[in-house]
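J.: Okay, here's what each chain looks like letter by letter:
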Amino acid sequence: LIEEIVISGLILGGLYALLSLGFSLIRGVARIMNLAHGALYMLTAYLIYSLLYLGLGTAIIISLVLIVLITLIIYKLLIGPMREKEAKAALVTLALALVFQESVKLIWGPEFKSIPYLISGYVTLLGVRVVSQKLLALVAAAGLVLVLWFFVMRTKIGKGIRAVAQNMEVARLVGINIRRVFMISMGLSALLAGLAAVFFAPLYVVSPTQWTILFQAFPVIVLGGLGSLKGSFIASFVMSFIEKIVEFYVAGGYAAGVVSFVIMAVILLVRPTGLFGKSRSGGGSGF
Amino acid sequence: MGDYGLNSKAFSKIQSIVFALILICAVTSGSLALYLWYNSSQSSETIKIGILADLDVTRGQRVMEGALLAAEEINAEGGVLGRHIEIIGEDSDDTASNFDPSTAILALNRLITFHKVDFVIVSGSEDFVIDVGVGHKKILLGTVSPSESLTQRVKDDYDRYKYFFRLGINETAFAEMLADSVVHLRDITGFNKIAYIGLDIPQIRVIMEILDSLPETHGFELVYQGKYFQQTLDFSSYFAAAETAGAEIMVPLVILQEGVSLVKDWYERQSPMVLWGMNAQPSWENTEGKVEHTTVFASSALALGYPATNKTTRTQNSYLAKWGDNPGLQAVVVYDCIRFLLFDALERARTSETDAVIKALEESEIENSLEENFKFTSSHDHYYQSGSQTAISMMFQWQSDGEKAIIYPKRIMEATGATYTYPDWPGPWD
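Sequences listed follow chains Y and E, in order.
Here the first sequence stands for residues 1 to 287, where the numbers follow our numbering.
Here the second sequence stands for residues 1 to 430, where the numbers follow our numbering.
Don't read these hints as lab results, they were simulated from the structure.
Here a beta-carbon is modelled for each residue, glycine too, at the ideal position from N, C-alpha and C.
One or more hints might be untrue.
Straight-line C-alpha distance at most 20 angstroms; calculated EDC-like pairs for lysine to aspartate or glutamate [what the hints assert, rightly or not]:
id : chain 1 : residue 1 : chain 2 : residue 2
1  : E       : 375       : E       : 72
2  : Y       : 76        : Y       : 86
3  : Y       : 105       : E       : 148
4  : Y       : 105       : E       : 355
5  : E       : 375       : E       : 100
6  : E       : 193       : E       : 430
7  : E       : 138       : E       : 157
8  : Y       : 105       : E       : 72
9  : E       : 137       : E       : 157
Quick list of the computed label-pair ranges, beta carbon to beta carbon [claimed, not checked]:
id : chain 1 : residue 1 : chain 2 : residue 2 : range
10 : E       : 109       : Y       : 262       : 58 to 66 angstroms
11 : Y       : 78        : E       : 230       : 25 to 33 angstroms
12 : Y       : 55        : E       : 230       : 31 to 39 angstroms
13 : E       : 217       : Y       : 99        : 51 to 59 angstroms
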């Protein structure tokens, strides 16, 4: 049973990591609470579903390009101008999520859809049967986290992103193009949501209300600290293992869902900045 | 005065006769006029039937289709009580994940107070609107909710809740049906180790309780009981636990879209258990055929092509001709309700007056598209005898190329010559 907890905890953690990292990236850099982040996941899944007739690989590539473009246009027209008014920007993104939801209903109908697996079958790990698609999703999540880490820590653009996240004014003074950094971060964030859809959406179904998957990752985001990439990554696996342990040993799936939100409430009361987040007076987001 | 040749006494007699004649004529013609006016006004007025369902989704749309078809057929035959049937739909939004009961209540109020419907067929939001409906003293016919608390209210407070009738079967009847079907599966397979996984909601818990009693009632070995919550995305842990416990039969009690993930998980991990139970959402298309060899309760007995009653084939053909598709269970239930049940009750009551129709419904015993003898219990529940081999309890197995083979009830399985098939990976069936 321990092996099963480890494997399924890692897979769930992978999904949480991709969703929360994308959310935290734009939160940490541009201070935007993008509540439409889950909608980007959902929309990518619908785009893949619609383009399946082109072949799965082509559908995925086109969908990812489209979701990044759509996100950048929306950022430029709607979110960007509101960026400095955090609450208003958050409300705009929430409204956007609802617009996406209703648009999806209009275009694809209210019924759920299904995307085929990228690979079929199962492998046995530590004596546990793991569906190959789930293992692929986990490996992909781990790979993407590494790529993101490398990009942020080792590239020039990544340094710019970190500089903006740590202190926007100083970054501006040293000549970093803040707007460009915001756009790149927004695009990266959308790409992470899209890639989460590529690997994880086939495991589930796709429906117009699936953008609320973001709310399942909220306890992770709060635990890690709003806007903290490192925090989000660690919290993803902490939370997924807690959920799985509760699910297996304590009281089933229902309690697992509840316990993560209880943890979120406790964190908000005891340490509102989360494990790795820093308060605003600290000068940055704890990126 | 004598010149007139009539005395006052004689005049008074003639006058009385004329007066009497005038009075008789007036009363007769007045009554005739009233009768004609009443009849003409009655025949021009329609009987309005409200449909309260989530009209945005397929189920609600099918419900409307069933209702419209029934009304069209009755109207083509001259209506009922000399009046035509009119169908009015209102959207309850009850299948939305962020469902707000006040939406359904508002929609019901619109049907009753604005559209002034005579009856309301409620498909999905019964638990939330029953009090509002009975408050208006309006007959409500519920098609979806299996909650026994609804008909318990009729039992506990008849005068207030006598307006509610259930067309579908309740949770206990369903659970008993499921238990009976599992016994049938054991007869086919010889498997005795059973596990279940169910959505943790009150209606499903009632079914779980019946399954929990299977060891005592039928000698099964219940090796695993799993409960999941609605946001569950991954079933591998449940499968792993059931497989470790040695389960041979896995009974899913799944009502929503997560059933697709469950089936995909089962197929991909080549789980050594047969799936048998309640999981209507997976289809051949949305699982890319991975649903093959799973057995589920039929969402529409008609779609299986088995003539359960003398009316089954006719209903199916009418529906196909009108809407170009097979009717889902909800469409048939609503069609049957209007076409046979209400029609019959109104004819017997000879009025659409509420109390008379309630009495007529209570005495209903009719054949419809699904059952040869549909009737209500004293608490206005759909009468279902445990173990009865009717079409409403039909289960089918997905077989090669998406074919559906009726596996339960045994009588129908044998009549259709169906055979139960096993997955083509290793399992206790080897």
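J.: So, for every hint listed, does it hold in this structure?
T.: Checked hints:
| no. | hint | in the structure |
| --- | --- | --- |
| 1 | 375/E - 72/E | 24 angstroms, violated |
| 2 | 76/Y - 86/Y | 16 angstroms, holds |
| 3 | 105/Y - 148/E | 34 angstroms, violated |
| 4 | 105/Y - 355/E | 42 angstroms, violated |
| 5 | 375/E - 100/E | 33 angstroms, violated |
| 6 | 193/E - 430/E | 16 angstroms, holds |
| 7 | 138/E - 157/E | 16 angstroms, holds |
| 8 | 105/Y - 72/E | 30 angstroms, violated |
| 9 | 137/E - 157/E | 14 angstroms, holds |
| 10 | 109/E - 262/Y: 58 to 66 angstroms | 38 angstroms, violated |
| 11 | 78/Y - 230/E: 25 to 33 angstroms | 32 angstroms, holds |
| 12 | 55/Y - 230/E: 31 to 39 angstroms | 34 angstroms, holds |
| 13 | 217/E - 99/Y: 51 to 59 angstroms | 53 angstroms, holds |
Of the hints listed earlier, those the structure fails to meet are numbers 1, 3, 4, 5, 8 and 10, in rising order.
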